[in-house]
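Those protein sequences? They're chains V and R, same order as listed.
Take the first sequence: its letters are residues 4 to 314, numbered as in my numbering.
Take the second sequence: its letters are residues 973 to 1222, numbered as in my numbering.
Since the hints were derived computationally from the structure, they do not count as laboratory data.
Here the structure is a predicted model, which means the values were calculated and not measured.
Misleading hints may appear alongside valid ones.
Computed cross-link-like contacts, SDA-like style, restricted to lysine to any residue with a CA-CA straight-line distance of at most 20 Å [to be verified]:
(1) K104(V) x K1133(R)
(2) K1133(R) x P91(V)
(3) K111(V) x R93(V)
(4) K176(V) x S273(V)
(5) K1133(R) x L135(V)
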Amino acid sequence: MIEIEDITKTYSGTTVVDQVNLTIQPRSICVIVGTSGSGKTTLMRMINKLVEPTSGHIRIDGEDIAGIPAYELRRRIGYAIQGHGLFPHRTVGQNIATVPKLLGCDKKKTADRVEELLSLFQLDPAEFRNRLPHELSGGQQQRVGVARALAASPNILLMDEPYGALDPVIRAKAQEDLLAIQRQFGTTVVLVTHDMEEAIHLGHTIAVMDKGKLLQCAAPAEIIANPATPFVAELIGTSERPFRLLSLAKVSDHIEPGEVSGDPIESTASLRDAYAELLWSGRPSLPVRRDGQIVGQVTLAALSRLAARPQ
Amino acid sequence: MKPGNIIRLIVFAALILFLAKPDLFSGFFSLFTKNNQPAIYNQGSLLDITLNHLGIVLAATLASTIIAVGLAIIVTRPFGAEFLPLSRSLANIGQTFPPVAVLALAVPMLGFGTTPTLVALFLYGLLPIFENTLTGLTNLPPAVTDAAKGVGMTGWQRLVKVELPLALPVILAGIRLSVVISLATATIGSTVAARTLGEVIIAGLLSSNTAFVLQGGLIVGVLAVLIYDALSALERYLMARTGQLGRAAA
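Input sequences plus hints: build the corresponding full structure.
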């Protein structure tokens, strides 16, 4: 658990982060959203002491981080950034092994861990271990960046706009990878982004920041249904609200009995995808397929009800 | 093999051959002599003088490198930042003093011989290396330095494992400039009795023997070109290895 208590950061008179209180539950993904200059990155960087707060306290699992030497704290917290920040003069394998090596881990164990992580990110260890970062594509570099952050199995992973430089297709893939990895390892993830779509897709909780203040911190459904301020509503996009709400749920949770013909949709798809497919194909309902079997249908009428503002 | 490399090899072989067996070239150099003057320098072995010349340059550059890189490292650390302007002006002063003036000033204190030449070359070599090391250490990709902090490297680890390796090509460029300047400037050292190739040139000037002047000048010139070339190649290799070809500096 990360407890941020009354944190303020001022740079020569300008308040960048203003008395923020935020508790991040263990094994959850918390996405901090805001426009540029909102203080979201500064807030995140105070968690691993890349920025020292002017006042306030941050506790990790009850321990005040002010008492931990910065480099020691950082070795316990994964850190992945936009533009990956890989060391250009070191191979992929050496990059991933950075933190275990700093911690003085056993060589054999570290090599095994590098192998495991490369496989986890669908990079063939034999092919990629000895390559230099500049020989990889943007998406591969980003994956190696996250692999490096996870190398010492940290409980906490900080990510600063990690997908900012990726194209939409690779970004979607990277987001799915992150969700899978977070589920597998139970890592607490703090991710900073300016993209509300990404926040809603990834976050268990979303913290919205503006001008250094934390405006609202809640689950995505709550933020969409009841934005605390007009700014939060604007960030969500008024006309996008119903679709964002639909994007939070999966088809599998809203299957109705009944048989219809036509192209089926997978039960793992989001309701938003199902809704789009219904509108596009002009059908009132779609058959739902799970593991190759048709298991029911989703209807336009049901989705329309689900997309309405929760009462 | 590329044509450039063939030319380099031929030039290098010719230099070695000339230093080992200068008499083989006496036919060529006699074209530049008058009144039966000797065609090949005869007051000492050209090989010995060349090695001594290189030795002085090497020693001076090594000392400049250690001091300049050390200074640049100190003034780019948080605790040394306030010394940045001071060290910049010190290195600049080293550069604005003409080497001849340094020699003239150093002789009364250090006496004739190699020492004043070493001092002059050392002072003269500081600035290019210092400036380049500063450039190299301050123009690192921000994402990389941020990551180096973020993974939990201490200040020393960041310097040794990330900053210096990445700045190395730029530092090398400074060393290269320094070496080439020193190679040429070392000839002046012969005016205060340092044993350098300047001795050959001065002997030629005193006796109006163009062949001597040519020999001394050619050896210095060829050495400078070859060393410049070799260090450039090393820089390019290091740049390419770290994928930094785009950020080549001075």
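Task: Hints violated by the structure (numbers, ascending) - done: When the structure is compared with the hints, none of them turns out to be violated.
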